[in-house]
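Asks: Spelled out from the first residue to the last, the chains are:
Number of protein chains: 2
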Amino acid sequence: MSKEITSRAADYSQWYNDLVIKGGLADYSAVRGCMVIKPYGFALWENMRDELDRMFKETGHQNAYFPLFVPKSLFEAEEKNAEGFAKECAVVTHYRLKSDPNHKGKLMVDPEAKLEEELVVRPTSEAIIWNTYKDWIQSYRDLPILVNQWANVVRWEMRTRLFLRTAEFLWQEGHTAHATAEEAVEETRRMLDVYETFVEEYMAVPVIKGVKTPAERFAGAEDTYCIEALMQDGKALQAGTSHFLGQNFAKAFDVKFLSKENKLEYVWATSWGVSTRLIGGLVMAHSDDQGLVMPPRIAPIQVVIVPIYKGEEQRAELGAKAGAITKELKALGIRVKYDDNDNNRPGWKFAEYELKGVPVRITLGARDLQAGVIEVARRDTKEKTSVPVDSIVETVRVLLDDIQKAMFEKARAFRDEHITRVDTWAEFEKVLAEKGGFLSAHWDGTPETEEAIKERTKATIRCIPLDNAQEEGTCVLTGKPSAQRVLFAKAY
Amino acid sequence: MSKEITSRAADYSQWYNDLVIKGGLADYSAVRGCMVIKPYGFALWENMRDELDRMFKETGHQNAYFPLFVPKSLFEAEEKNAEGFAKECAVVTHYRLKSDPNHKGKLMVDPEAKLEEELVVRPTSEAIIWNTYKDWIQSYRDLPILVNQWANVVRWEMRTRLFLRTAEFLWQEGHTAHATAEEAVEETRRMLDVYETFVEEYMAVPVIKGVKTPAERFAGAEDTYCIEALMQDGKALQAGTSHFLGQNFAKAFDVKFLSKENKLEYVWATSWGVSTRLIGGLVMAHSDDQGLVMPPRIAPIQVVIVPIYKGEEQRAELGAKAGAITKELKALGIRVKYDDNDNNRPGWKFAEYELKGVPVRITLGARDLQAGVIEVARRDTKEKTSVPVDSIVETVRVLLDDIQKAMFEKARAFRDEHITRVDTWAEFEKVLAEKGGFLSAHWDGTPETEEAIKERTKATIRCIPLDNAQEEGTCVLTGKPSAQRVLFAKAY
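Residue numbers (the numbering used here), protein chains in the order written: chain A, 10 to 501; chain B, 10 to 501.
There could be a bad hint or two in this list.
Since the list gives no way to pick one copy over another, a pair counts as held whenever it fits inside one copy or between any two copies.
With a Cα cut of at most 27 angstroms, we get these calculated BS3-like pairs of lysine-lysine [said to hold, decoys possible]: (1) K123 x K96; (2) K123 x K113; (3) K393 x K123; (4) K467 x K260; (5) K414 x K272; (6) K107 x K123; (7) K66 x K339; (8) K244 x K346; (9) K143 x K12; (10) K107 x K31; (11) K96 x K419; (12) K463 x K269.
These aren't lab readings, by the way, just hints derived from the structure by calculation.
Go ahead and model the full structure; you've got the sequences and the hints to work with.
Replies: Right under this line is the structure:
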């Protein structure tokens, strides 16, 4: 029995959940708002992590690890940051359980084991890290510090969705320290470019680079840069952020350095992160009503080989052929799986790997093989072709590249079709309601107008694009003068 | 100014801390009992993790990720496990902070945001994982489940030491589910073998495989297998454990499967783990009074090249030569660093890389080069040799293998010299006090005697070796009959 997937048209939100859960990526857990990342989903995350990690190291960064807990007194040191996260903090108050005298076999929090100072489970690590950097930095010779951490963080969200918004999630957070503002801004932009490259070239998801308005900035940042992607339902997804933190954390934690000119100065900071949320974006950018569609470069399984046989003799024969093909593909670094599990029929397997989004399926049929051909199916377009046995490896190699490119082009065409210039409020509301996507509109630059638009339509300013054309115009809501368009959208 | 290291003879414990902190592996943090793993220490951990991860995958395991938090009601389900960890649990009781009305700019725990059920920060994940496996397992076709997780865990220890015993640490925990007891025991032993291979072949630390006495078992296990290593001060270190959990967790979480014979049966379980504690063991097994000594196979930097020059012309010349050597070494997969940082003198660099334990140092001198030779120094024995320029790459390649082997042999000789057969209580006390190491002694098999010996001497039974000879004898403390010797030692 193949697994039922709700169609996008019937219920987009349920479609998403079906893909994540039935596709084997993740599932709900016994802990409110926390998910279990299943092996197939984690293998995807590992591929993403490994590529990002390689890119971070190529740009001079090293990994380190800082404590899970942040003492409350450190957490509150940078006021804006603390204020921004205070409402969603899991707090450790005790360090021991004891037997509950009133309930045999049960435990209770030991009231005598109350911590003198509460510990916040990190929602982000600027505080604990800048408190550490204070000890690492004395002179300009200690700068820059280019450190990244792969970690779990906790933000107590009231409404959660698998991958997109969970109480606990996995991420990386880069935290760098610099001698000058220019260098810090350069780093902020460099890492934004790294994110763009990764999301576009590996995840095959096109993004728009931009800067957030003050209202949408990271709490404690001077500037928040972002990459914004578009999902198939016309909603935007913030796929990564890179923050120029100015000297805010250096001042909060008193981190100064002796400059080349022998002056004590505050250090300049950046932080930047992407998370398992990207997986939610991947699912919603590419998948269809039959299931997930994985971009080859990060797909946990790039090629699956399914044999069709009768009896043990044919099974052994196909197994030998599959072994030879597998060996050649693996030699090219291609991740391939041979599935001759007897518990499931070929039709079930076809549906299962379609659901899991495996980019290429090879069907090994006994009759086909006698005729010297093998059937190859690509997941993205569902096209099937018969290719001569001898050219199967080369065909697959080329096909994986083709699929990667085609997926990106398809997503980009969809995204480009869904950037609409609107010049009146009537248009704004109509396009947002009927078409969705990004609305390129003039805005008067005030937080009041931004808030008013959000309240009326739920659309927010996703970003001011980095390559934005300067163009005189009038605000779509207030009619006041504006110097450039910004991108509005409803967002995840 | 080079960094001062306390000698082993002067203060072993301070020597250890000096190496960890001044060697750049880790440091204390603002959070009681939690450490910061610094970039050099984390690079070491990454190398260890990557090798172990490869070995886990080669033995058929997949990674996944389970929640950080365990609801109290799940945590207490397996009573022995709960009892074993209850006294060291960090407990989340609230999910929000708010502004403290009595202290401007400060935060307080919001009493209105109290959780209905407290969440334990995982000290180990059997409970949350077996509660999940309940949904994954219906029939024998779903077995075995071979899953591993890389994660942080928290155990609220009262006395902490960097790497060896910290409130938060990083580890991997494998959790497998099987249809039969035999298969689960086989898995338990297989992973013990993987740990042995890793610790001996990569960390160059010899270990003794054995099984723990009931008193030393993991809380909730039927049998705990372990690998035990010996440190230079004669104390033992438990380097890894692999547990046969029987059906304890399956019963606690009601995890049954339909067998091939169509019967509902409880699932059999194993769990196994190693942690950042291994780094503490690595430091104490190999280092000397000049600093760390890294085994080449996991050393973050395997080869450092230090130039000695006067003026920019010589610097450029040596830089070109170093570039060529670096390129060739990297092509062989060797991790090499060229340090021509002008802020530090060569002598400072020699001391620094000695402290950091870099296995091979190449000194590039302008005069040497004119004579066609290069000086190569090995960290473990501190021997230096001059080799012809043309053979430098091959020399280094061979040397790295030699150092790896020599470090293991040296540690093994030390360990073997420190396994002492003792047959009387007087001998036991004398050897333990004067020589340390493992004491191979007869024990009457009772927990009372085990406890009495521990109280008198602080020595515990580290393990009953797996390849133990059966030999009639009398207990070293009580004189009662015994069928085999066991290994006692003081331990970290």
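Asks: Are the hints correct? Go through all of them and say.
Replies: Each hint tested on the structure:
no.	hint	verdict
1	K123 x K96	both (22 angstroms within a copy, 13 angstroms between copies)
2	K123 x K113	both (23 angstroms within a copy, 24 angstroms between copies)
3	K393 x K123	neither (64 angstroms within a copy, 57 angstroms between copies)
4	K467 x K260	neither (36 angstroms within a copy, 49 angstroms between copies)
5	K414 x K272	neither (52 angstroms within a copy, 51 angstroms between copies)
6	K107 x K123	both (13 angstroms within a copy, 19 angstroms between copies)
7	K66 x K339	both (26 angstroms within a copy, 16 angstroms between copies)
8	K244 x K346	neither (35 angstroms within a copy, 47 angstroms between copies)
9	K143 x K12	between (54 angstroms within a copy, 20 angstroms between copies)
10	K107 x K31	neither (40 angstroms within a copy, 40 angstroms between copies)
11	K96 x K419	neither (40 angstroms within a copy, 56 angstroms between copies)
12	K463 x K269	neither (48 angstroms within a copy, 59 angstroms between copies)
The structure fails to meet hints 3, 4, 5, 8, 10, 11, 12 from the earlier list, while all remaining hints are met.
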